[in-house]
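One-letter residues, chain by chain:
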Amino acid sequence: MLHIVNKSPTERNALASCLAHAKAGHALLLIEDAVYVATAGGKAALAAAPAGLAVYVLSPDLQARGLGGKAAEGIKEVDYKGFVELVAAQPRVQSWL
Amino acid sequence: MLHIVNKSPTERNALASCLAHAKAGHALLLIEDAVYVATAGGKAALAAAPAGLAVYVLSPDLQARGLGGKAAEGIKEVDYKGFVELVAAQPRVQSWL
Amino acid sequence: MSEGTVKKFMFVNRKAPYGSVYALESLEVVLITAAFDQDVSLAFLDDGVYQLVKGQDTKAVGMKNFSPTYRALEGYDIEKLYVERESLEARGLTEEQLLVDVQVLSQADMASLMAEQDVVLSF
Amino acid sequence: MSEGTVKKFMFVNRKAPYGSVYALESLEVVLITAAFDQDVSLAFLDDGVYQLVKGQDTKAVGMKNFSPTYRALEGYDIEKLYVERESLEARGLTEEQLLVDVQVLSQADMASLMAEQDVVLSF
Amino acid sequence: MKIAVLVNEGPYQHQSADTAWNFCKAAIEAGHEIQRVFFYHDGVNNATKLTEPPQDDRHIVNRWASLNKEHGVDLVVCVAAAMRRGIVEANLAEGFRISGLGQLVESGIQADRVVTFGD
Amino acid sequence: MKIAVLVNEGPYQHQSADTAWNFCKAAIEAGHEIQRVFFYHDGVNNATKLTEPPQDDRHIVNRWASLNKEHGVDLVVCVAAAMRRGIVEANLAEGFRISGLGQLVESGIQADRVVTFGD
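Chains as they are written, first to last, in our numbering: chain D, 1 to 97; chain V, 1 to 97; chain X, 1 to 123; chain E, 1 to 123; chain G, 1 to 119; chain F, 1 to 119.
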């Protein structure tokens, strides 16, 4: 399963709910206003992530917000092409709206 | 100041931010998806309210959500007419969007 | 894929009713999906559990009360309504306050159920 | 009221940029309000502080980069930009990471400032 | 008292437009003047004459129009926000007018209160 | 791979429409098929031909239309959601078509993946 979160965890509960339902072997992609989670200052919000959850961040969204190249260790930056690859690689997609 | 909050505190941070900036003598009106705060099950979200903050809830919104007449003690139910009276009684209005 | 394909569709409801239109328009998709003879599940978690609270009365707000539709789902053979226990409890709600029969699941079981679906639509 | 009335307008920014249009369209109101010779303040708190982060580059998302407008505000005599310290700290941000000079206020001082306004517009 | 109203969200998607209309109606009934309703952001979508909601649902656009027709309420749509979203004279409902953001600032100056409805 | 896309928010107000378009473009460039883009909720507002964004901003409606023109992508607007919001044949941009929710269900059945973009 590819989980997609697009909201900041300091504004909404989407990330928290996603992490509570994600499982080992799943992937999480942070896009739009969720990319703040992928930086040193926001990473604490991932403390509740299950073991074995691979975390990705959409780099165009990081760049737009002045955080290009600032993804914290352990979080992989992908572009839209990488987004598509994640969708293809995981058997299902769930957006946490 | 009349503070208006329209989002559930379990979904967004608007109520928390409002309470952190409200002052004694101000009023708070809970409308739309914020009315859940006014019930026994949601009232804990008001623990951070400053002393002297008068709390109101819009009863048409409570009714729509199956909670008509279920406002917790200390929270006054008002209808749209009461909403208008609050706006007129307080010198300013701030919506926490 | 052939016309006879049956997939597992799950509709994830995480938002309160009336404040936004998602709950109502989600139901419209649910009904159509059932009409296509798919395997339909509805999940209610987080503020989505508020959608099922009994006694909704929208006269004073002047909006359409769509909550009777949840009761009508059975007539369309939509019987898999799952509600997350943790979400109910965090909101001080009990099963008795809900307007329709549901299966209450733990968060862990809800997560497992989500992971078994073919198509997950969130509104 | 006469045409010469000057009111205190405060624009409260609590949302991150780009995810929604509020930050951009809020700036449009700010500029017009200044053109009406009103007393304009901008408050940045909660995720609104992200609006001021340096180095925004929207080429890859294909959206308009409106962050240079914050730097242009001074030219319109809009100089009251207030940022809440608690919001910066909670997000691991420092004043040096912001693209424009601001006054950093405590939450308590921000609350007092809000309470002194004539018109508070939140986007 | 003169009350101005700002509507930041479109019809049906969020309750804001409903709440704002119910508020305006109650304010007028209480003898206040709605100095202006200003539609900004997706709020401009309240002004399209092409909506056709289901028969058993409320008609949000017509409700606004009736505030103008029956009470002369000034319904102003922000031109910049409207152009981004495809609201132009061609699909503008009767009772609304398109104008600039200056009308919102003027409301802030002239009205005793400004009440914002949004998401 | 066949990928279907669901867009739940209108243009400009939220980034969803931008992200969805960028995703579709990348998927096509990677050799995948965008089986359909279905516009639901306020997403139907992506289909108005009356938008006129500022010259220095992107034209979201035209970008969608180009996916149809250049790659034959099926752009479907939900009729029920569209009627509520004033999107009808009269203001429908070229490249889009109005149809029922069955088209979304069909996408769920026929596509290998459904990716939702919303608020």
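Fair warning: there could be bad hints in the mix.
Computed spacing ranges between beta-carbons, pair by pair [stated by the list, open to error]: (1) Glu33(F) - Ala30(G): 28 to 34 Å; (2) Glu89(E) - Lys59(X): 28 to 34 Å; (3) Ala108(X) - Lys81(V): 43 to 49 Å; (4) Ala88(D) - Asp101(E): 45 to 51 Å.
Listed below are several chain G residues computed to face chain E (Cβ distance under 10 Å; list not exhaustive) [stated by the list, open to error]: (5) Asn8; (6) Ala30; (7) Cys78; (8) Ala81; (9) Leu101; (10) Asp119.
Read the hints as simulated data drawn from the structure, not as lab findings. Beta carbons: idealized from backbone N, C-alpha and C, even for Gly.
Do the hints match the structure? See the list:
Distance hint check: the CB atoms of Glu33(F) and Ala30(G) are about 59 Å apart, inconsistent with the given range 28 to 34 Å. The hint said 28 to 34 Å for the Cβ distance between Glu89(E) and Lys59(X), and at roughly 47 Å that hint is violated. A hinted range of 43 to 49 Å holds for the C-beta pair Ala108(X) and Lys81(V), which are about 48 Å apart. Between Ala88(D) and Asp101(E) the C-beta distance comes to about 47 Å, which sits within the given range of 45 to 51 Å.
Hint status for Asn8(G) relative to chain E: holds, with the closest Cβ pair at about 7 Å, below 10 Å. Because the beta carbon of Ala30(G) sits about 22 Å from the nearest beta carbon in chain E, more than 10 Å, this interface hint is broken. Checking Cys78(G) against chain E: minimum C-beta separation of about 8 Å stays under 10 Å; hint holds. With a least beta-carbon distance of about 6 Å to chain E, the hint placing Ala81(G) at the interface is held under the 10 Å criterion.
At its closest, the beta carbon of Leu101(G) sits 4 Å from a beta carbon of chain E; the interface hint therefore holds under the 10 Å criterion. For the restraint placing Asp119(G) at the interface with chain E, the shortest Cβ-Cβ distance is roughly 8 Å, inside the 10 Å limit, so the hint holds.
Consistency note: the structure conflicts with the earlier hints numbered 1, 2 and 6.
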